[in-house]
Each structure stands twice: as structure tokens, then as C-alpha cells.
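Got chain U; can you put chain V on it based on the hints?
There are 2 protein chains.
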Amino acid sequence: MQRTTLAAIAAAATLCLAACAPMGTGKSQGATAQQEVNRQTVLAFYEKGLNQKDADAALQYVGNRYVQHNPTAADGPEGFRKFVGFLREKFPKSHSDIKRSFVDGDYVILHVNAVREPGTRGNAIVDIFKLENGKIVEHWDVVQPVPETAANGNTMF
Amino acid sequence: MQRTTLAAIAAAATLCLAACAPMGTGKSQGATAQQEVNRQTVLAFYEKGLNQKDADAALQYVGNRYVQHNPTAADGPEGFRKFVGFLREKFPKSHSDIKRSFVDGDYVILHVNAVREPGTRGNAIVDIFKLENGKIVEHWDVVQPVPETAANGNTMF
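These protein sequence lines map, in sequence, to chains U and V. Quick note: the first sequence uses the working numbering, first residue 10, plus one each step. Quick note: the second sequence uses the working numbering, first residue 10, plus one each step.
If we strip away everything but chain U, and leave its shape as in the complex, we get (with noise of 0.2 angstroms):
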């Protein structure tokens, strides 16, 4: 009995340990292995979705919702799949640059410029996503025009 708790502590210190590498190798200080997983669910949901602009890729990372918070999309997959064609009609070369990504709890949040006509400056943008049983079910986010000019030298990035 001692050996067994013993080595459920050991196992639960390894994880946390694991799970405790620093930031810049994808991985981040206190993620679980649950978190990391949502994470690469989203960044690939993003790839497949924004990028590829192939919508049906995307929503295989969906759940049984997907509750739409930016005000210009209507709400569900159709309405996401209604924005992925919008993008591939209107802006075929339109894509988005991940520059960070945040993990916690259920939430996995991306700093991204999302340029829709190359050589422009595009948007920044941060998404936040809910995850549900490994899926993704809600979507929040705050777009802004990148500025030609700023009041520092520090980029929005």
C-alpha cells in the first residue's frame, strides 16, 4: 500500500515536472498534458481554418457548438464555415501569423497578425478559445488594424 502511494506521488511529481518546462519549446511552466493537447487542437483548427481555408478540416476540432463571440460572424459552425468561404473568395492569399499562444484550464488564447492582402499590415488579433473533452466549443476574440505609425518602437507584437 505505502509502495503503491508512494509511487502515484513519484508519478504525479514526474508529471508535474514535465509539465513545468519553460515557455519557447511550445510548452509552458504548469500546462497539463490535457492543455498542451488543446493547444496544438487549436493551432492546428487555425492552420486547417484560416489558413488552408479548407472548413471542414477545420471543424473536425469542433464539438457539439461552437458559441460565436465576434460580433461579425453569425453564430455555429455554419457560420464559421460561412466566414472560411468568405476568406477564400475575397481573400484567397489572406493569412494569419500565430506570434504566441497561451494555455489555461480549458482555454487556449493566440496573439496573431492576420494579414488579409499580403504586404499590408493587417490586424492584430487575439482569439480565445473554449475547449471542451478535447474539442473546441467557443470563440471570443478583439481584432484591431495595425497602425502605420506608434507612439513607441516596440511593434504590437
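Please note that the accuracy of each hint is not assured.
Stated by the list, open to error - Label pairs and their computed distance ranges (CB to CB):
#	chain 1	residue 1	chain 2	residue 2	range
1	U	N161	V	A66	20 to 28 angstroms
2	V	R109	U	K91	20 to 28 angstroms
3	V	P154	U	E98	22 to 30 angstroms
4	U	F95	V	K102	34 to 42 angstroms
5	V	E126	U	G128	34 to 42 angstroms
6	U	R97	V	N163	18 to 26 angstroms
7	V	R125	U	D65	14 to 22 angstroms
8	U	G128	V	R125	16 to 24 angstroms
9	V	R130	U	F95	20 to 28 angstroms
As the list claims (entries may be wrong) - The calculated lysine-lysine pairs, modelled on DSSO-like cross-linking and capped at a C-alpha distance of 27 angstroms, are:
#	chain 1	residue 1	chain 2	residue 2
10	U	K139	V	K62
11	V	K144	U	K144
12	U	K57	U	K108
13	V	K144	U	K108
14	U	K91	U	K62
15	U	K108	V	K99
16	V	K139	V	K108
17	U	K139	V	K139
Derived from the structure by calculation, the hints contain no laboratory data. We put the CB at the ideal spot given by N, CA and C, even for glycine.
Okay, now just chain V, sitting in the frame of chain U:
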């Protein structure tokens, strides 16, 4: 020696389990004790600076630099002090309502509804703060006016 090792493993496991509390209580799944301290630091900085408009009190939470990525604000602590002075003079009743917060590694992320004139819709903002040694050293944000109408009924928050 073995006892010391086992004690260290048990302590690490306890830390991990303690940090795995579910969302909603202010703690996040997988967040370490330092990450929770960082969250409270950023929440206090935001309340003192943006709501109470007391730059000196807020800057107690800032480290030896404040790298500013908001394109409308000057770099450094003095840039933040100027911004707080601007709010105090032009929008003394402005209020920032923090809708949700996240922690990951050295970062704290806030999703905010910032209202400059009471009764208006205000802006949706995501702020990203980087901390070092428990102090804020870098800030990014994305700001978008909350529109009057939306293509879904979910609000931006």
C-alpha cells in the same frame, strides 16, 4: 538522503495537486502558486491604474522596465503614467470591467470591457502582461469598439 528525495517528491506532488483546482474559484487548472501570485499582481495593477487612476500605486507592481506595445502609448513607466493622467483628466468616470483572466508561464492575460463614458458600450480589450520576478515588465493589447449590432446574440464577452 532518500528521505530528503521522497520529501521533495511529495512536496512537488502536493504543489501540483494544489495547483490543479478547477476554474471559477480564481485558480486555474495547472497554474502554479507563482502564476496565481502573478495574476493577483496584474489584477491589482489594473485596478490601481485603470480604475482608481493612481499611477504611483500601479507602478509599484512594475519591474525595472515596462516595454509598451500599445501603439498609442509611449514606452516605459512614464508612458503609463501619462496614460493614467490622460484618463484622469479626460475620462475620470472610465471603468474597466475584467471579464476573465488567464495565466500561462510568465504571462497573465485579461479580457476586459473598458468603458470611458458610463452608459456607452466601450471597448473590448485583451491585455497580455509579461512578468519577471513577480513584477510586470511588458504589455501588449488589442482594442476593438463594441459594435451596436452583431451577427449573433452572444455579446463580445
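Which hint numbers doesn't this structure obey?
-> Hints 7, 8, 10, 11 and 15 are the ones this structure does not satisfy, whereas the remaining hints hold.
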